[in-house]
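S.K.: Given next are the chains, with one letter for each unit.
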Amino acid sequence: MDILVLGPGCMNCITLEKRVRTAVRELQLDAEIFKISDYTKIAEYGIIKTPALVIDEKVIFYGKVPTVNELKEYLIKGVN
Amino acid sequence: MFKQFLNKNQILIPVVLLPVWLVLYHYLEPIANGFVYDILRMDRTTRITEAIRFFIFEVPKVLMLLTLIVFVVGIIRSYFSAERTRKALEGKPLFVGNIMASTLGIVTPFCSCSAIPLFLGFVESGIPLGVTFSFLIAAPMINEVALVLLFGLFGWQTALIYVSTGLFIAIFSGWVIGKLKLEKWVEPWVYDIKAGNLEMEEEKQTFNHRIEAGFTAVKEIVAKVWIYIVIGIAVGAGIHGYVPADFMASFMGKDIWYSVPLAVLLGVPMYSNAAGIIPIVQVLLEKGASLGTSLAFMMAVIGLSLPEAIILKKVLKYPLLFTFIGIVATGIMIVGFLFNFIF
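Here the protein sequences line up with chains E and R, keeping their order. Everything in the first sequence is counted per our numbering, starting at 7 for the first residue and increasing by one. Everything in the second sequence is counted per our numbering, starting at 933 for the first residue and increasing by one.
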């Protein structure tokens, strides 16, 4: 699966990307993680509050930085 | 077992803690005095005693106020979101839109790194440029941490002045920008974006979730700013007794007409969060700077900054960027002159 972390590159986006990587590793998921910081791309997903998480082209959440455990729940839901 | 029960009934935590908070807050000054005079047995008349007493009383006072307000604001903010604010602003005419955008700017959760996505989202959905700017000005300028500090250190009047003048500047600047019809100076790619329409069902929030949001806000914000507050109050306490009271009056006093533009000119490129700047403002005021000049300096520092201008440059051409900075700076100066004139 493709996981996108959307955000221009502030503290929150960096934290989110790190946590996503940790969560993916701990769940041993077969996933590729991309960091998207292009504003046009972000807008195309309809996001107006960053950071956001997109799994397989579907916006999962935006405007928050969940904990690693919360992220795992999102990822497990995203797999199914 | 007990923990599970608490997790399901988070409301009980503030219900129990609030009376403790109130009692402690009420008796804080006698406790601090008792600690300094009776336990440390310090001489009541010396400057160093007064400085230490000031520090021991102010630090817990401001931190307690901060915790309470951040908690309450965290709950209030859980009722607002950037999406809902955008929906509320769609189709509103200029002046009404400016008022609404500025007011919503205070309560909508906002972080400056989201400024561009938010700007794009607002403009794409047809919200006028002037209304968008009102939001972008109010959101960082009127800040709950600043509100608490002003309330705690100077009283409710100053806190009220801060909120109302901040609102005035945001409404005024946005309205002027709207009237000037500056859309041509927005980078053209902004209008070429095909913004997606995010159809997401909103997550249902129980009141339990909102209280949790309050606690999360306390953890995040208090953890981030407490050190600035402690340092600021320490500096304030040190200067309290040792620098002559009229030290600042000669160059930031109300009779020096150019003090307001000078304060704004110095403050605009500077960047600091509200928690860092207010203890400095406190020292300025105590040492003879006038209220209008100090307020103008504070607002210029937290309302406008070089990093923010660099971010906004991505969507604004230079003429609009400078007009924006110029109008907000003018608004801040008006407030500064007004307060120097009244008080």
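There could be a bad hint or two in this list.
What the hints assert, rightly or not - Covered by chain E, per the in silico footprint, the following chain R stretches (three or more residues, Cβ under 8 angstroms):
(1) 986 to 995
(2) 1011 to 1024
(3) 1037 to 1045
(4) 1120 to 1130
Stated by the list, open to error - Taking lysine-lysine and the DSBU-like style, the derived pairs with C-alpha atoms no more than 35 angstroms apart in a straight line are:
(5) Lys1126(R) - Lys83(E)
(6) Lys1245(R) - Lys1113(R)
(7) Lys1126(R) - Lys993(R)
(8) Lys993(R) - Lys70(E)
(9) Lys70(E) - Lys1219(R)
(10) Lys83(E) - Lys70(E)
(11) Lys993(R) - Lys64(E)
(12) Lys24(E) - Lys1024(R)
To be verified - Over the 10 angstroms line for every Cβ pair with chain R, so calculated as not near, a few chain E residues:
(13) Asp8
(14) Glu23
(15) Arg27
(16) Thr28
(17) Val30
(18) Glu32
(19) Glu38
(20) Lys41
(21) Ile48
(22) Glu50
(23) Ile53
(24) Ile54
(25) Val65
(26) Val74
(27) Glu79
(28) Gly84
In short, the hints are calculated from the structure, not lab data. Ideal Cβ placement from N, Cα and C applies to all residues, glycine included.
S.K.: Each hint should be assessed against the structure and marked as holding or not.
M.R.: Hint by hint, here is what the structure shows:
| no. | hint | in the structure |
| --- | --- | --- |
| 1 | 986 to 995 | violated (count 0) |
| 2 | 1011 to 1024 | holds (count 4) |
| 3 | 1037 to 1045 | holds (count 4) |
| 4 | 1120 to 1130 | holds (count 7) |
| 5 | Lys1126(R) - Lys83(E) | holds, 29 angstroms |
| 6 | Lys1245(R) - Lys1113(R) | holds, 18 angstroms |
| 7 | Lys1126(R) - Lys993(R) | violated, 50 angstroms |
| 8 | Lys993(R) - Lys70(E) | holds, 30 angstroms |
| 9 | Lys70(E) - Lys1219(R) | violated, 42 angstroms |
| 10 | Lys83(E) - Lys70(E) | holds, 18 angstroms |
| 11 | Lys993(R) - Lys64(E) | violated, 47 angstroms |
| 12 | Lys24(E) - Lys1024(R) | violated, 40 angstroms |
| 13 | Asp8 | holds, 17 angstroms |
| 14 | Glu23 | holds, 13 angstroms |
| 15 | Arg27 | holds, 20 angstroms |
| 16 | Thr28 | holds, 19 angstroms |
| 17 | Val30 | holds, 22 angstroms |
| 18 | Glu32 | holds, 22 angstroms |
| 19 | Glu38 | holds, 21 angstroms |
| 20 | Lys41 | holds, 14 angstroms |
| 21 | Ile48 | violated, 5 angstroms |
| 22 | Glu50 | violated, 5 angstroms |
| 23 | Ile53 | violated, 6 angstroms |
| 24 | Ile54 | violated, 3 angstroms |
| 25 | Val65 | violated, 6 angstroms |
| 26 | Val74 | holds, 15 angstroms |
| 27 | Glu79 | holds, 13 angstroms |
| 28 | Gly84 | holds, 14 angstroms |
When each numbered hint is compared with the structure, violations occur for hints 1, 7, 9, 11, 12, 21, 22, 23, 24 and 25.
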